[in-house]
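**Q** Work out the full structure, taking the sequences as your base and the hints as a guide.
Protein chains in written order, with full-length UniProt numbering: chain V, 1 to 234; chain X, 1 to 397.
Don't read these hints as lab results, they were simulated from the structure. Be aware that a few hints might be false.
What the hints assert, rightly or not - Simulated restraints on C-beta separations:
1) Ala77(V) x Asp72(X): 20 to 26 Å
2) Ala77(V) x Asp28(X): 46 to 52 Å
3) Glu15(X) x Asp197(V): 36 to 42 Å
4) Asp78(V) x Thr63(X): 30 to 36 Å
5) Gly9(V) x Asp266(X): 41 to 47 Å
Claimed, not checked - Simulated crosslink set (PhoX-like; lysine-lysine; CA at most 25 Å straight-line):
6) Lys71(X) x Lys89(V)
7) Lys24(V) x Lys181(V)
8) Lys39(X) x Lys218(X)
9) Lys87(V) x Lys71(X)
If you're wondering where the values come from, they're calculated on a predicted model, not measured in any experiment. Using N, Cα and C, we set each Cβ at its ideal position, and we do this for glycine too.
Given next are the chains, with one letter for each unit.
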Amino acid sequence: MEYVNPLTGFRVDGRRPNEMRQLKGEVGVVARADGSALFEMGNTRVIAAVYGPREVQNKGQQVNSKDALVRCEYRMADFSTGDRRRKPKGDRRSTEISLVIRQTMEASILTHLMPRSQIDIFVQVLQADGGTRAACINAATLALADAGIPMRDIVTSCSADLNYIEDSAGGPDVTVGFLTKMDKVTLLQMDAKLPMDTFETVMDLAIEGCKAIANYIREVLLENTKRLECQRDH
Amino acid sequence: MDHHQRWHPTVNEREFIERALQSDLRVDGRRPFDFRRLKILFGREDGSAEVQLGDTRVMGYATAQLVQPYKDRPNEGTLAIFTEFSPMADPAFEPGRPGESAIELGRVVDRGLRESRAVDMESLCVVAGKHVWSVRVDLHILDNGGNLIDAANIAALAALSTFRRPECTVGGEDGQQVTVHDPEVRDPLPLTIHHLPIAVTFAYFGEGNIMVIDPTYKEEAVMGGRMTATINSNGDVCSIQKAGGEGVMSSVIMQCLRIASVKAADITSKIKNEVNSYTSAKALQKVKRLPASALKKDNAPDVAMKESSDGALETQSTKPSSDGQQINKEPPSVVEDNKQEDVEPMLSECNPEAQSESRLTAGGSDETQEAISPKSLKDAVKPKHKRKKKQHSKINV
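**A** Encoded structure:
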């Protein structure tokens, strides 16, 4: 199968090789949550809700009293994929993604400012069409910002595929979580065999994507703040 | 969640470790990019290996059985990694359900092996859509001295490299019947391994500027982030796992990958050497044993083989008896003529009649055969079988 048409240079879905999918971010979608967001990357749709900082519910979980405890639960809705079937809660894949999202968000949250408290992040995939892990991190960032939780930087995530650069079968997939201002990579996941130079190209492409998403997320947040300001004036 | 927490260093301990690292010193005296001493031990059976990486000890065990393949991959075998974090290794490990770290470890090792197609899956196919070999690797953490992922990955590779699966042939009228051959009769086959993906873990400290390779338990408690790069000796990146934590520059990541590829080449040659010396030692043992088994074959006809096949069947699959059942190709009389026939169908397990018949034809020289045939573990099981069969034959007579 060819991922990039050799004649037109367009991808199967009509995009250019290094073109991102349509982004959409919306803040404040869950009324009861302290912060929430909906994030779309093309057909992938993810909703995130943040509760906290609040008192630690289960003292046994508190690792140290100097930092806030961050918890994350990732879940895929039963109707999110083509084949609609019940997915067991806490399977190996979602446990790992929960861990990955939690540690990625921990890298950006200023946990030392909120000792003896806990922050809960819930992410739910409503529609899965590739890059769910990246979309979840972007949604979580928006929701954390909406909840007013102090962060050292905006962490955004984007995945890049080798297929979009070179024409080769198989789908090596690189997901990067990036702290934009600090110019540092916090999350990096890759499968499939790649020569080192090619890997570097793919990673750089993913980082470019992260930067673009960070700009978009800033816009969304600025827009939201403006809207809130308008409401206060009235 | 967990009551027993991981060891938490005091402020002083933490500062000591970090300060020392700033001047390129590690608590155990290594340099930043040194691995701890790696030791690979093999068990008596094929497919079992124990890896010691400093204080960390991981046991790997590979087994296989025939299963039905997945619908979307009818002509590929399967490979699955299972992890067992025993509370014996670390008080933070809980008995029962695998924790987050156990799942992460399993998935990182699994991805490194599977997505890079290190083990040839198509060669594990017996009958497309019906029977494929399903290889299972169990990784038991025996002692947690830090950097479990690298040790577990090496254990998995060592176990897979020495693993041998029984040979099997397809026959029958419809060409769908599978015969699994006894390892005593036909040499079991090794897996086809294209390359060895080696996991190399880096730990990051202090804003991601300091990094060390192969962190110990204490360093893991202090580190800000971790990255595991799985690389083979050709320098191909097979998988990377950096699950959040301290951010690092992309240039630092590329530097890590270059270091990892050098380390991967060292570890690959170490594993290959150990595996070679194990297999050659095993081959020598076989040569010594040959005269005894030849003797056995001369005197004892198929009966002894069949009994040994019973024992070996435990490792085989639970096959649907309808299509898996193999009827003896040759009638018992032919077997008697052809005593050195070593293409003996294995799956004659529940064929008591054929067995008792052949036992009858073999005559009353049973006792003498027993005396001649070399003692092995299987002999310990024999008397019970024998008694049963004798009863059988009496009834038949």
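**Q** Could you tell me whether the CB distance from Ala77(V) to Asp28(X) stays inside 46 to 52 Å?
**A** For Asp28(X) against Ala77(V), whose Cβ atoms are near 48 Å apart, the range 46 to 52 Å holds.
**Q** Just tell me: holds or violated, for the beta carbon distance of Glu15(X) and Asp197(V) against 36 to 42 Å?
**A** The hinted range 36 to 42 Å holds for Glu15(X) and Asp197(V), with Cβ atoms some 40 Å apart.
**Q** May I ask you to test the hint 41 to 47 Å on the CB atoms belonging to Gly9(V) and Asp266(X)?
**A** Given about 43 Å between the Cβ atoms, the range holds.
**Q** Would you check the hint for Lys24(V) and Lys181(V), treating anything up to 25 Å between C-alpha atoms as holding?
**A** Since the Cα atoms of Lys24(V) and Lys181(V) sit roughly 22 Å apart, the hinted pair holds (cutoff 25 Å).
**Q** That 30 to 36 Å hint for Asp78(V) and Thr63(X) (C-beta), does it hold up?
**A** With Cβ atoms ~34 Å apart, the hint holds.
**Q** When you check the alpha-carbon spacing of Lys71(X) and Lys89(V), does it fall within 25 Å?
**A** This hinted pair holds, its Cα atoms lying about 24 Å apart.
**Q** Is 20 to 26 Å right for how far apart the beta carbons of Ala77(V) and Asp72(X) are?
**A** holds, 23 Å
**Q** Holds or violated: Lys87(V) with Lys71(X), Cα cutoff 25 Å?
**A** holds, 19 Å
**Q** Does Lys39(X) pair with Lys218(X) here, judged by a C-alpha cut-off of 25 Å?
**A** holds, 21 Å
Going down the numbered hints, you'll see the structure goes against none, and every one checks out.
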